[in-house]
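Peer 1: Sequence:
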Amino acid sequence: MTRGLRASIRGAMSAEKDKPAPEMTQKSADEENGKLRSPLSERAITKGFNGRLVFAIAAAALGSAFQHGYNTGVVNAPQKLIEDWIKVTEHNRTDQVVDQSKVTIIWSIAVAIFCVGGMIGGAITGIVGRKGGLLLNNVLVAVAAIFEGVSKAAGSYEMIIIGRFFIGINSGLNAGLAPMYLAEISPVHLRGAVGTVYQLVITISILVSQILGLESILGTEESWPVLLAITVVPGIFQLVTLPICPESPKYLLLSKGQEMEAQRALTWLRGTIEVHDEMDDMRNEYEAMKLVPKVTIKEMFVNATLRIPLMIAMMVMVAQQLSGINAVMFFSTKIFRMAQLDDKSAQYATLGMGAVNVFMTLVSMVIVEKAGRKTLLLIGFAGMCVTTVLLTISLAYVQNAALWVSYVSILLVILFVVMFAIGPGSIPWFLVSELFNQSARGAATSLAVAVNWTANFIVGIGFLPLQEAMGGNVFIIFTILLALFVLFVYKKVPETKNKTIEEISSMFRQISYQ
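By the numbering used here, the letter at position 365 of the sequence shown is numbered 1097, and the numbering carries on one by one without gaps.
What you were told as hints is all true, and nothing was included just to trick you.
DSS-like mimics (lysine-lysine), calculated; alpha carbons at most 30 Å apart, straight line: (1) LYS1022 with LYS1231; (2) LYS1223 with LYS1106; (3) LYS1231 with LYS1102; (4) LYS1030 with LYS1106; (5) LYS988 with LYS1229; (6) LYS1229 with LYS1106; (7) LYS1076 with LYS812; (8) LYS1026 with LYS988; (9) LYS1106 with LYS1224; (10) LYS1229 with LYS1022; (11) LYS1076 with LYS834; (12) LYS1030 with LYS1231; (13) LYS1102 with LYS1223; (14) LYS834 with LYS812.
Bear in mind the hints are in silico, worked out from the structure with no lab data behind them.
Start from the sequences, fold in the hints, and give me the full structure.
Peer 2: Structure below.
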């Protein structure tokens, strides 16, 4: 995995390095910032990518994003097994015939409580540190794994609900802390590629959960508690690896005022002592920050220079969830059954969709620094919009049409995932960190991540009843929403590629004065 990350990020760095730029234009841009780049700083940029940085990325992302993705996808395969167990358990308690509707309600609570925990975890992101918060967060993983792992032996479905609530809080915290840590330890020219790693690990962990959930592996009546408890493994990995890595240099200097510790951390991450330019940039941000009072949640909404990027960050998070991707992920097998596949074929088609998601997120990681954030968001949302129109049409005729219409429906679902992975899947997670300086980043991330999980919860609760009422026409709702998101991104979302935090903040100050 670490070797894969290194190769992908090196590809992003090479693409950025090879990008043509007219000499006069580059010179003018440097002069405008008040400094010309020296040969020394060019060497420092080249050395920004190294084995230690890859190790830190893997330690932070594998132990955090894995929880987020794995626990999103793990409940899909063993649903019928767990529902049957819930029915038997409830019958043993009451000695009465258990209605299926009651079992469905219990299962829905167990699934949805994960998002409720995510909302809480996301909301408290701003009050904990980066590295320390990620490490401490693994206590919740241990608690969740114990509750879920022994639930069947204890004859208590309530333990699954409690366990998923705790792992939800953990995942909500991870969704805020890990992208912030990744953005703060990466060089500016690799910030997008490194930020994409979080979503990459989510896609990998969803695929892992689907593979492990196969009947031939852990998707059996005896083994499903183990399937749920495996979530402890990435937590152990992070507890072993992350203590070796330093705290975020930006967090140390800008939040703690520890300049020597920040320089030491930056030197470790860059693998060189030539970190003077980056330290100067951080010092400038630190001095500018001291002139501004501490940012509160209220200030985020009152101050126009903060409110504008906050609305963008929150709207992009909402767009990611209400695009319909979680509806497709949660109910992919059901969609494939609607396309007239048998149960086994539908399960393997879902696995194929997960593999495509992983591959296209890798592609996004490589091209995000070349194509830019806004461009990939527009391509992704516009492509998803067109795909949902075609999917609605194909699902309307799939029951009575020729077999090829079923295969068209499957291809459209996979194309939908491709369009999501190319930009909307990964960019919202790190865009929040790019839009705000250190003083506002924690509060902004808390709000944006909480909004993301709330939208996730709404889709999880609302999609199935809508799908039962509307059938394939349910995707008309997502078509309308996606069209609105394309318009919003085109009009409001700025391009942050290769821009410093100060340049981005200055841009929003100018907008607020207009």
